[in-house]
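Peer 1: Residue numbers (our numbering), protein chains in the order written: chain A, 1 to 141; chain B, 1 to 77.
Read the hints as simulated data drawn from the structure, not as lab findings.
There's no promise every hint is true.
Think about it this way: if two alpha-carbon atoms lie no more than 20 angstroms apart in a straight line, the pair counts; the simulated EDC-like pairs of lysine to aspartate or glutamate are [as the list claims (entries may be wrong)]:
(1) B:LYS4 / A:GLU58
(2) A:LYS8 / A:GLU58
(3) B:LYS20 / A:GLU59
(4) A:LYS62 / B:GLU54
(5) A:LYS141 / B:GLU54
(6) B:LYS4 / A:GLU59
(7) A:LYS62 / B:ASP66
Here are some chain B residues pointing at chain A (derived, C-beta under 7 angstroms) [stated by the list, open to error]:
(8) TYR22
(9) PRO23
(10) PRO40
(11) ASN46
(12) SER50
(13) ILE56
(14) ALA69
(15) MET71
(16) PHE74
(17) ALA75
Even glycine gets a Cβ: it sits at the ideal position worked out from N, Cα and C.
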Amino acid sequence: MPNNYLIKGPVTHELISLFLKKIGEKTDSGGHSVFIGQVRADKINGKKVKLIEYSAYEELVKVEADKIIKTVLSEFNDVKSIELVHSTGNVKAGEISLFVLVSAGHRHQAIQACSKTVELVKEKLPVWKKEIFEDNSHEWK
Amino acid sequence: MTIKVLFFGILAEVTGNCCKHYPDVSSIGDLKLRIQDDFPEIIHYNFRISLNNEIINNNPSLNDGDEVAFMPPFAGG
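From just these sequences and the hints, can you work out the full model?
Peer 2: What follows is the structure in structure tokens.
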């Protein structure tokens, strides 16, 4: 399990399985909500995205992700835990770049807190993406 | 005194640097002017600044060994 929220390359199905296996240990939770972010093969000006190259300010990601989790935990008092993993480096179209798992006593807060966490990741996490097209040209997002 | 400056995302590409050291810089404002002198095209980009892993909106003075990052809009997910 990554301890600084970042993983080199895609978030693998194996890693997601590890997180899902561990939810059985959270016997105080009755609902788990998952968000999986995947790289789209967008077509932009006739060119198709083949992968995204993610870069991150790793030290600040740790600071900001800690803050995100603290914020969400303080807003949703039924939430028991939040797991967050983001990719750095290359992630191909169809592969996973973001994983969020929120466990709560009941479903409503699990779902709402998961959504809030994803929105804060988009807004606050110092991560950048460079879309690489099939012709190897690129565009920053 | 020396300040470590980091550039991320498109700013790393525009400046051709991910990391650069600037001696004798008194403040964030002073550093921005120095960077604009070196990389005039940077004025065309939006960015936020962090000082020692804290995002700032003011113009603090700088100390030896400080780390300043120039960060374009975040695009995670």
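Peer 1: Now tell me, hint by hint, if it's right for this structure.
Peer 2: Status of the hints after comparison with the structure:
| no. | hint | result |
| --- | --- | --- |
| 1 | B:LYS4 / A:GLU58 | holds (16 angstroms) |
| 2 | A:LYS8 / A:GLU58 | holds (11 angstroms) |
| 3 | B:LYS20 / A:GLU59 | holds (17 angstroms) |
| 4 | A:LYS62 / B:GLU54 | holds (11 angstroms) |
| 5 | A:LYS141 / B:GLU54 | violated (23 angstroms) |
| 6 | B:LYS4 / A:GLU59 | holds (14 angstroms) |
| 7 | A:LYS62 / B:ASP66 | holds (18 angstroms) |
| 8 | TYR22 | violated (18 angstroms) |
| 9 | PRO23 | violated (23 angstroms) |
| 10 | PRO40 | violated (19 angstroms) |
| 11 | ASN46 | violated (12 angstroms) |
| 12 | SER50 | holds (6 angstroms) |
| 13 | ILE56 | violated (12 angstroms) |
| 14 | ALA69 | holds (6 angstroms) |
| 15 | MET71 | holds (6 angstroms) |
| 16 | PHE74 | holds (6 angstroms) |
| 17 | ALA75 | holds (5 angstroms) |
Hints 5, 8, 9, 10, 11, 13, counting from the list given before, are not met by this structure.
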